[in-house]
Amino acid sequence: MWSTDVRFPVRRAGLLAAAAALALALAGCGQAAQSGGAADAPPSEEDDRVTIGLLLPDSHTARWEAFDRPLMEKKIAELCPDCSVEYANAQGDVATQRQQVDTMITKGVDVMVLDPVDHKSLRSSVKHAAEAGIPVVSYDRLADGPISAYVSFDGDDVGRLQGEALLKAMGDKADGGRIVMMNGDPSDPNSAWFRDGALSVLKDRVKVEKEYDTPRWSPENAHLNMNGAIAALGPDAIDGVYSANDALASGIISSLKAGNVKRLPPVTGQDAELTAVQRIVEGEQPMTVYKPFKPEAEAAAAMAVALGHGESAGDITRERISTPTAKDVPAVLLKPLVVTVDNIKDTVVKDGMYTIDQICTEKFLAACKKAGLVT
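What the sequence shown shows, in numbering that gives the first Met the number 0, is residues 0 to 374, in sequence order.
Hints are not guaranteed to be accurate.
[What the hints assert, rightly or not] Simulated crosslink set (DSS-like; lysine-lysine; CA at most 27 Å straight-line):
| no. | residue 1 | residue 2 |
| --- | --- | --- |
| 1 | Lys126 | Lys326 |
| 2 | Lys256 | Lys172 |
| 3 | Lys344 | Lys362 |
| 4 | Lys349 | Lys369 |
| 5 | Lys172 | Lys126 |
| 6 | Lys73 | Lys334 |
| 7 | Lys261 | Lys167 |
[Stated by the list, open to error] What follows is a list of derived Cβ distance ranges for each label pair:
| no. | residue 1 | residue 2 | range |
| --- | --- | --- | --- |
| 8 | Ala76 | Lys349 | 19 to 27 Å |
| 9 | Ala131 | Thr354 | 37 to 45 Å |
| 10 | Asp203 | Lys369 | 30 to 38 Å |
| 11 | Gly258 | Glu64 | 25 to 33 Å |
| 12 | Thr105 | Glu361 | 32 to 40 Å |
These are calculated hints, taken from the structure and not from any lab test.
Ideal placement from N, C-alpha and C gives every residue a C-beta, glycine not left out.
Model the full assembly from the supplied sequences, consistent with the hints where possible.
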């Protein structure tokens with residue numbers, strides 16, 4: 000069986016050094032890094048042809064197809080021109096993702112980058128991959144099983160930033176106010192991480208009147224849950240809403256609008272989706288947590304290329320994590336950032352995630368002028 004403690008012999012020192020330099024730089028920043036330098040020098044050996052399986056969880060969360068996939072594929076091509084990528088999207092279905100992992104194993108990929116739909120349900124799939132000699136890089140969400148590396152953001156920081164921003168937006172209602180908590184998918188371990196981080200700053204300040212889990216991170220489920228909260232508490236008895244991400248925030252805000260809420264309470268978010276940034280400009284959502292996808296995707300690419308060549312991801316980062324099913328796993332944990340109307344230019348625009356033109360379409364032009372994004 001595959002062991003996360005195995006340290007492979009270094010067969011391509013130049014490639015490993017390049018990948019290590021890249022990932023260590025990314026781990027220490029939290030802002031999108033620029034390509035260039037030694038990390039872009041490709042290996043030249045004939046046996047550098049590596050197939051990397053990339054498995055993402057869904058397409059209703061905009062980031063996966065818009066950012067993570069293209070950024071990772073681009074960096075893999077830069078680090079290893081002879082590498083190829085086999086891509087699969089599970090569309091939020093556990094059984095589909097299990098089948099996709101089986102297909103990758105059958106095809107004989109050299110390494111997988113896996114963002115699990117359900118970390119527990121994919122444990123046996125990760126084990127099967129390891130038994131087939133295929134290392135697995137757990138991406139964004141921590142998978143169960145014998146993973147060989149992990150790349151994500153500090154979920155406790157994400158939740159803490161959301162909680163702090165919610166209290167700030169609640170103003171004089173921050174002490175003793177009534178909130179609703181809309182957590183993410185209970186099958187995603189990040190959901191509990193975000194929740195715990197948020198509660199670390201909220202629990203002694205506000206009263207959680209209603210709390211919901213949201214299967215599949217579905218905006219529709221969040222809308223229905225919020226309908227229930229409004230019916231139970233009254234349309235004007237909610238002082239704030241903790242929303243685990245922007246997709247849920249969209250469902251929450253649509254419910255609040257439809258529920259005759261006179262004044263929208265502050266609603267948190269995460270992922271810096273374009274529609275969320277536009278809601279921030281309009282004043283419907285006070286913040287989102289921005290997780291710069293470029294350093295995350297590039298760190299995963301570096302680890303996948305190294306592991307695919309039989310090298311150790313442990314030489315790429317000094318960080319380690321342990322789980323109930325894997326010990327001493329090489330990890331890159333990046334720092335999230337808060338985006339508000341005051342720093343849109345200095346975050347998502349500066350990093351090239353969106354342009355002012357993409358944000359400030361005709362519908363949002365007046366709000367963008369008020370926010371100082373356009374003149």
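Checked hints:
{"no.": "1", "hint": "Lys126 with Lys326", "in the structure": "holds (14 Å)"}
{"no.": "2", "hint": "Lys256 with Lys172", "in the structure": "holds (21 Å)"}
{"no.": "3", "hint": "Lys344 with Lys362", "in the structure": "holds (19 Å)"}
{"no.": "4", "hint": "Lys349 with Lys369", "in the structure": "holds (20 Å)"}
{"no.": "5", "hint": "Lys172 with Lys126", "in the structure": "violated (49 Å)"}
{"no.": "6", "hint": "Lys73 with Lys334", "in the structure": "holds (22 Å)"}
{"no.": "7", "hint": "Lys261 with Lys167", "in the structure": "holds (20 Å)"}
{"no.": "8", "hint": "Ala76 with Lys349: 19 to 27 Å", "in the structure": "holds (25 Å)"}
{"no.": "9", "hint": "Ala131 with Thr354: 37 to 45 Å", "in the structure": "holds (44 Å)"}
{"no.": "10", "hint": "Asp203 with Lys369: 30 to 38 Å", "in the structure": "holds (35 Å)"}
{"no.": "11", "hint": "Gly258 with Glu64: 25 to 33 Å", "in the structure": "holds (31 Å)"}
{"no.": "12", "hint": "Thr105 with Glu361: 32 to 40 Å", "in the structure": "violated (50 Å)"}
Hint check: violations occur at hints 5 and 12; the rest are consistent with the structure.
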